[in-house]
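Chemist: Using the sequences and the hints, build the whole thing.
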Amino acid sequence: MNIYLLVALIGAVSSRNCSSKPFYEDCKDGGVILTGLFSIHDKTVNGQCDTVLNIQELASAEAMVYAIEQVNKDPYLLPNITLGYRIFDTCGIPSRANTMAFSFVIENTLNERIHGLNGTTQDERVYNDLWPGNILKRPIAAVIGPGDSASSVVVSSMLQIGSLAQISPSSASDELSQPYYQTFFRTVPPDSQQAKAVSDIIKYFNWSYIAVIGSDSSYGRYGVGALEHEAHESDTYCIHSIEYFPTSNYEDKIQRIVAKLKKATNVKVIVLWAGGISSIRYLIQESYKQQLFRRTWIAPDGWSHTTSLFTPEYSAVIGGFIGTTFRHFNVSGFEKNLLLMKSSSLRSQDNMWWREFWQTVNNCSQFTWKGCGDKLNNMNEDLLSLMHTTTPAYVIDAVRAAAHAIDSVYRCQHDHHSNLSQVMCLPTKDDIRSVEVLRALTKIKFKGLTGSISFNENGDSLRSAAYDIVNLQFIPGGTPTLKIVGAWDRGFKGRLQVKSDWLVWKNGSKVVPISGCSESCPPGTRQSPTVACCWECIPCPHASVSASYSSTNCSACEADEKANHDNTKCEALPLDHLSINDGRGIGLVVFAVIGILLTLFTFGVFVKYRDTPVVKTSNQQLSYTFLFSLLVAFCAASILTFGQTPFSCTANMLLNTMYYNVCVSILFLKTSRLLHVFKFKMVVSSTSRWFYNTRYQFAVLGVLNLLPVVLSIAFLAVEPPLVKVTIVPLQYKILECNHDTTTAGVAINCTIFAYELILSVLVAYYAFRARKLPSNFNETKYIAFSMYIQLTTWGTTLSIFTSLRPGSFRAILHCIVQLCSAFSFLLCIFAPKLHIILRHPEKNTARFVKAAVTRDTMQRNMTANLSLKRLNSAESTCTTFSNSSVHSTAENDTDLNTNRKNQKSHVG
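So the sequence shown is residues 1 to 908, counted in full-length UniProt numbering.
One should not assume that every hint holds.
Quick list of in silico lysine-lysine cross-link-like pairs, PhoX-like style, CA-CA up to 20 Å [as the list claims (entries may be wrong)]:
no., residue 1, residue 2
1, Lys-289, Lys-262
2, Lys-447, Lys-73
3, Lys-203, Lys-263
4, Lys-253, Lys-263
5, Lys-289, Lys-268
6, Lys-289, Lys-253
7, Lys-733, Lys-569
8, Lys-289, Lys-342
9, Lys-616, Lys-843
10, Lys-499, Lys-203
11, Lys-203, Lys-268
12, Lys-203, Lys-493
13, Lys-483, Lys-447
14, Lys-510, Lys-499
15, Lys-289, Lys-616
16, Lys-260, Lys-289
17, Lys-510, Lys-268
18, Lys-608, Lys-569
19, Lys-608, Lys-843
20, Lys-203, Lys-510
21, Lys-73, Lys-336
22, Lys-493, Lys-483
23, Lys-616, Lys-781
These are calculated hints, taken from the structure and not from any lab test.
Modeler: Below is the structure:
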């Protein structure tokens with residue numbers, strides 16, 4: 001190397017001894033040096049060092065001093081080596097930190113070079129003359145810091161040139177986990193873990209729409225990127241927008257970001273992933289100026305514990321924020337050491353940063369050896385709370401990690417059989433070189449304040465990935481307070497634990513804020529996505545439902561179900577069937593009961609007046625059978641109102657068939673007997689007179705009903721009635737008695753119907769032919785009228801029934817027809833008789849009946865004689881008298897006498 005260039009480089013080195021401090025303000029000599037990079041002052045808008053002291057960073061720097069002193073006191077850790085330190089103020093400016101890292105690399109390079117000189121060459125003599133005694137031989141073993149990720153990126157890149165290890169206590173950017181940064185280590189978890197914590201918070205409070213603001217730095221870019229990745233993986237929330245602002249000259253950009261967010265009224269949650277207190281303060285001020293209120297902020301560790309932001313004015317903007325901070329670990333020893341600090345102590349007088357501290361807390365412009373007059377000169381709990389931060393624990397663990405690595409290298413050199421060594425000893429000289437410490441760091445493992453410390457291939461200590469969940473609580477009229485309300489731990493089963501009842505939101509509210517692009521769609525609708533996390537609520541179509549809020553689809557109901565009015569759940573289709581529970585069923589039952597009561601009343605009247613001529617001429621046995629059939633008819637007409645079951649269907653079919661056949665058979669016997677008595681020409685021959693004998697009337701009645709009974713039994717055997725369920729989609733289910741589904745069943749049913757029709761037509765025909773009977777036998781005209789009603793009713797019903805759709809109307813029509821049939825029989829057959837019995841008892845006597853018969857006979861005889869006279873008068877005009885006419889007249893007289901005898905016999 002050219003000697004003049006080397007001299008120039010050496011002149012740039014800043015750390016010849018602690019008496020000369022061009023860059024650093026705090027140092028202590030030792031056998032091995034650890035350098036520290038901290039942002040003791042913030043960066044201004046123009047990228048310069050601010051004059052305002054960052055008290056929390058001062059506490060972090062003091063934590064490094066405290067940790068080194070504790071290591072030096074430890075009899076088991078580096079027992080023969082004293083650690084020294086040099087602490088630099090980077091002001092959060094990456095270029096400034098890079099310059100310092102460059103000086104570290106040059107210093108270590110010169111130290112290694114000077115260590116090998118023996119003064120024999122011209123270059124070596126120059127070195128010895130410039131630095132007698134090799135005073136630069138104080139190797140830098142590792143660099144602690146810096147705290148911000150942007151500075152760590154450039155520092156790590158520079159330190160790789162000299163294989164100098166860097167251990168950061170607070171640089172969390174995921175960029176530093178890349179394999180390009182082989183000399184970078186950190187005791188804090190990377191932002192990929194914090195992004196998981198923030199994502200879990202968003203999901204925990206059901207926030208579906210958020211905005212993200214990040215600083216245009218390694219910390220901001222990679223943190224926002226990690227959160228964006230979590231949003232994509234979880235698919236439970238969306239990011240409305242991502243905005244970045246530069247780390248310097250950021251005013252215009254921040255103004256535009258705030259204006260844009262103010263217009264996004266549906267975004268109620270904002271994640272601010274940024275570092276650098278000055279830029280964050282300006283963002284809050286601008287939000288206050290533009291009245292960006294009523295927003296909930298999420299604060300990552302970059303600013304969540306910055307107490308200088310927690311003022312009543314700023315609380316109007318960020319009050320109620322929820323954030324993550326590195327876990328608050330027990331650093332009571334360090335805090336006790338801080339409480340011993342006084343403004344009059346040697347350290348306060350010798351260290352410019354501490355002098356600034358006492359000036360700041362006392363608001364005095366000049367600082368003397370005795371302090372600021374009568375103001376605060378001793379550290380107390382209030383001042384300690386101002387310095388409180390989560391970083392000291394990680395700083396202490398970073399120093400101890402470096403100490404363990406140096407100890408491991410030292411033991412390799414001096415105790416090859418020691419079991420304490422966890423790295424393979426490298427052939428080396430007596431001094432401790434940075435490359436050896438770098439390799440040792442990849443193997444160490446110890447129990448630190450933040451947990452078990454060990455570094456993976458990326459330099460991360462994931463075992464310490466834990467965060468406290470904090471909430472800035474501000475009640476109007478009070479003081480903003482940062483309170484721990486939960487925790488997130490990578491090792492927890494559920495990871496996130498939050499005490500929800502401890503939270504206080506904006507303006508002291510206890511109600512969890514809501515943030516979503518669109519309101520949750522209520523049950524009965526589905527979300528139709530338009531853009532990410534934004535949707536329209538579309539009502540579910542027919543036969544589909546959604547039972548919960550924010551449903552993305554509607555579920556179809558089963559075939560026998562339909563959606564309710566609100567499309568929120570599927571309900572069973574209503575049954576369209578005749579039931580006693582509705583008005584129609586009740587009406588039918590009422591009419592059936594009336595019919596039963598009238599039938600019983602008629603039966604009672606007939607029993608009471610059984611010896612009267614009206615009852616006797618009606619054939620009591622057949623009348624009682626007829627009334628019993630009507631009772632069966634009224635019962636059958638109401639049986640379906642109690643529900644369609646296989647039993648009710650079977651009973652209704654059998655009873656209806658039996659009652660009608662019995663009634664029509666009785667009327668057939670009555671009409672045919674009357675015709676036989678009066679010898680109408682269409683009556684059967686005299687050889688079948690047994691058919692009309694009253695002694696055999698029930699046998700005849702049985703014969704007439706044998707065919708329907710046999711066919712009904714056959715029908716039940718071939719096709720027993722079942723309840724058929726027919727589904728009318730989206731409307732109702734129909735319960736019907738299932739008949740006529742097979743060919744045999746249809747044939748049998750049609751045969752029964754044809755038989756009933758033929759018998760009914762015969763009765764109507766006979767009744768019509770017997771309409772000229774004597775007045776006391778004029779029951780036939782009522783029978784005829786009854787049969788007209790029956791035939792008309794059944795004919796009309798058949799035409800209507802075939803055109804009706806399946807449903808309860810068919811069953812109702814069926815019951816109405818049965819009631820009409822039974823009432824027509826009851827009123828037409830028995831009402832005239834009841835009228836005579838009850839209203840005109842004088843006509844219900846034997847004398848009245850005989851007189852009526854006599855009068856009718858005389859009238860008929862007079863009619864016959866008048867006809868005869870007219871015939872004789874016509875014949876007298878003829879020239880001849882026919883003997884046959886005389887014979888015919890005699891026969892007429894004989895027939896009249898025979899009729900009178902028969903009438904008398906019938907009445908008697």
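Chemist: For this structure, which hints from the list above don't hold up?
Modeler: 3, 8, 13, 15, 18 and 22
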